[in-house]
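Novice: Okay, here's what each chain looks like letter by letter:
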Amino acid sequence: MTRDRTKVRPGDRIFKNLSTGAGVFVVALIGLIGLFLLVQAIPALKADNVNFLTSRAWSTGDPGNLQFGILDLLLVTVYSSLVSLVFAMPISLGIALFLTQYAPRRLARPFAYVIDLLAAVPSIIFGLWGILVLAPVLAPVSQWINRTLGWIPVFGQGNVYPNFTGTIFTAGVVLAVMLLPIITSLSREVFERTPTTHIEGALALGATRWEVIRTTVLPFGKAGYIGASMLGLGRALGETIAVTVILFIPRGGHFDWTIFDGGATFASQIATNASEFNNPTSAGAYIASGLVLFVLTFAVNFGARAIIGDKKGD
Amino acid sequence: MTSTLSETERPAISPAFQQISTARKVKNGVATVLVWLSFLVAVVPLVWVLYTVVANGIKRIPYTNWWTQDFGSVLSDEVGGGVLHAIIGTLEQGLVCAVVAVPLGLLVAIYLVEYGRGTRLAKLTTFMVDILSGVPSIVAALFVYALWITTLGMPRSGFAVSLALVLLMIPVVVRSAEEMLRIVPDDLREASYALGVPKWKTIMKVVLPTALSGIISGIMMALARVMGETAPLLVLVGYSAYVNWNLFDHEQAALPLLMNNERATNTMDPGSVGFDRIWGAALTLVLIIALINLVATVVSRLVAPKKK
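From first to last, the protein sequence lines stand for chains B and V. Numbering-wise (this note's numbering), the first sequence opens with residue 1 and increments by one. Numbering-wise (this note's numbering), the second sequence opens with residue 1 and increments by one.
Next comes chain V alone, as it looks inside the complex (with noise of 0.2 Å):
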């Protein structure tokens, strides 16, 4: 060590490592615009149109008859009513399904991870639901057609709709399901075997709950995505303008299918009756979704294991 500089003066990142070529500083400095720029450029689109519902949205749904009214009175070009019927169709037909979806797909889970670890067969399902998971909605759609409607000869209905929409649930719950069981610690489990408790019991008891805050939270954001599903609406049931509370007979409104019906039948110049029903039920959708997520928040909150 023939240094000259004392300890202090030394600089901290020895000249070796500071010099770097200007060629190679440049491309650094290129990749890390490009990098930041392609993430700003993603967001772009998401506050846009986040804006476009908003700002469109927003001049319908203050008012109640919006909240408590169907179109069924009112002309397709004439201000007022509301979106009561499709809110309806949405929420039954989400419900209904999730109450197929949600069994089924927490039972695939607890296959997955409790019984089924490591089988072949458990490998053979995880790959099935991956790839159930790609079908696209309308493959979904025209195979409860032909399942329901063409060979059991039922009629174009809501509840149609929710076995399309069970489909298409199932894959998300099991995902979501299978991962938050997946990281309950196995001490627990050994645990409860150790007191003598049946395995059953042991996942139902001990398991489940354990993971329950984050399962209620995925059950969520999936229940979530498939009310806003269109492509099974088109295909499986009609719309109608008034309310129809009953889910296995005649045609159903939902706000997807309500806001594909406007573009379809009205003019969508901004300002116009349609353009307006379409952002007001478009916001009335994200409104819906948004509630539910942050419900399935505190809920899973709520339910979440107590800490120390």
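Extracted from the complex, chain B is given alone in its bound form (with noise of 0.2 Å):
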């Protein structure tokens, strides 16, 4: 009878195995997701006539004639992903610390639901709506903003003169909105495990809510937050399609390393070509710069996920 007990049923076993199978499947996953763009992507790696690395030239028409470098591509990836966490950094911080130390209890959740109802819009009608109606009403700020600190590089005239609209910093405030639910979510779950004696601490001495916050909530959840805003720049990162409506590609034009540039992303610039990948050749030039974005959104979700994981601590 005890043996019968002890026994591991077959019932059991298939399971077990089904469902760790499929634990390492998923684990194995991201290795094949590599492995099949290296593989991919070596040919016309092979058969690119300029640097890969610090070339701008794209033009992978002739199989016989590569020429592709991603120079521009990472410039302007980073560029307006760095524009977008400038905006949703700060906004994330002050509703993280809203929903956690302001909203009146019974109100924050709604909030909160509020704030994830961003993350439920597609981000072809986010593009959409950045190109058709928040770009005309970005472009006056533009101007102005060009005019008068226009000799500061970073605000300099770009390539998408002088009509402002698809410019990297439109993608910018377009992908901040984007970002704000991801990064507030992570926070407010750090600065909600402030410990209350910290508070209650600080409460006692006198300190006013704002001081509460800078001496216990801040420093608690920093890492946190510093982690959240990592992922919420992984995401920006690889955002595409709302990137492909929003940004001008200049014919012919470098990134000037001005926000008021147009150009293509990585993932824009596959995006955009899609359509045409004809022959292997040519394919594997977007393969190859896909490959790099995979590689750039896994160190930063890498990173991310390290600081978080720490604070965690779980």
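What the hints contain is simulated information worked out from the structure, not anything from laboratory work. Remember, predicted model here, so these are calculated numbers, not experimental data. Keep in mind that a hint or two might mislead.
[Unchecked claim] With a straight-line cut-off of 27 Å between C-alpha atoms, the simulated DSSO-like cross-links for lysine-lysine are: (1) V:K201 / B:K16; (2) V:K123 / V:K59; (3) V:K123 / V:K27; (4) V:K199 / B:K16.
Two chains, two separate frames, one set of hints: put the complex together.
Specialist: Right, here's the structure in full:
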């Protein structure tokens, strides 16, 4: 009798192996993605007639004479993502503090739900809203910034002059809106874990609400907030269709270090030309840039998870 | 206690705590205003986007042919036709994606909560699920392109899109299911084991049903999310203005792809045909997503464990 009970039943073995297999599959998936992209990218990289990392050229029409480099893509991708972080980081911090420290407790939940709704809007809708509705409103602001601060290279005249609509700036603002829910929800989670004793201690010493936040909540949640922002950065680097719809691609223009430039990011470059993947070598050029994007987002997410994991400490 | 005030006249807060310097008061006030402001700033785009979609999209969708026809018979600048072809594509691709991603995601979550708890493989799996959720949709699309189209030689099709959506849906399903399974009380499991029920049966008959309502709403959210994805559509299937039920071959439309196609081929002046079509399709997509969420809420209420 006892032996019967301790025996592993076949149903159990099957179920355990099945679920473990699914876990292993997910682990393998990341490796497979990297591997397949690499294998497909190598022939194109070998056929590339310019330096992949330092060239700004992008001509893949003739498989016999491929010329593609990622310098411009990398700069535009990083630039637009950083612009979006500049907007999203302080606002998300404000919302997270609002939801955890300021909002009446009964309203905190519905408010958080409202912010989460932002994440449910499909990104193509954000893109279309960004270029058709928001861009015309932002253009005068851009022109004003350019007029008054144009002597600083970051605000100089870009290649989307004079209409200032499909700029890195516009894309950055829209990306920022898309990042708000992800940065907010994670920061909120961390802020909520601030030990009550710390808060009560600060209150007992006569601290104002802001002083409580500055001396207990912020120091406690700093790492989590930074991790959340990095996660947002990862999202911004890889966001495709919103950027594709918004960013104006100038003919022959190069990225010129101003936020009023147009251009293409890794993701938007691939998306724009995806319908013309007509031969494996040319498609390989895009897969190669996709691989760079994969490595980039992997590194950023890896870092973010390491920071958040440390803080949560489970 | 030499206070001259009687018990009732004494202020509730002792004077020591009222002596807050003006600078500290001002800082506190500024912080409060900024924090409230940042919340309002986030609400503005949400309301604005939804207003744009509804106000511009409402023009065409009340007509029945919007729901029953495709754009195949009308010119790109001609009023009329409908988005049936795109609705079919969106639902088909989403459904097939769910059929693959949901069991896989559930199994991973079961592994993490029931079998792997705390092991190194479980930690690695959790980490990789997190990384997978950060993989850009365009990279997922390129991976399927490299695997399905280049390596296996299959055609660009709606099914290839479904495969890419699976990659994007799995992490969301795993996360939400894992969270729901974790809050199932261990007492329930132990009671079942004590009755001699095998572990796998305990999971199937006790743990899953208890967590089912939460899992269903998580799955529906994930489904709604991937149905709005555009990047895989651009890489893995061509746009067609005609109804195509065949998931495995030829061009197939989907709502996001239709919107992108109209944007690329039509002038975008407010009131023009392309403009109306884009926002009509956007509103249709939002309505479908809202409907899915509504169904999820109702179903998860129905299957939720009954409370006395």
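Novice: Against the structure shown, which of the earlier numbered hints fail to hold, in ascending order?
Specialist: 2, 3
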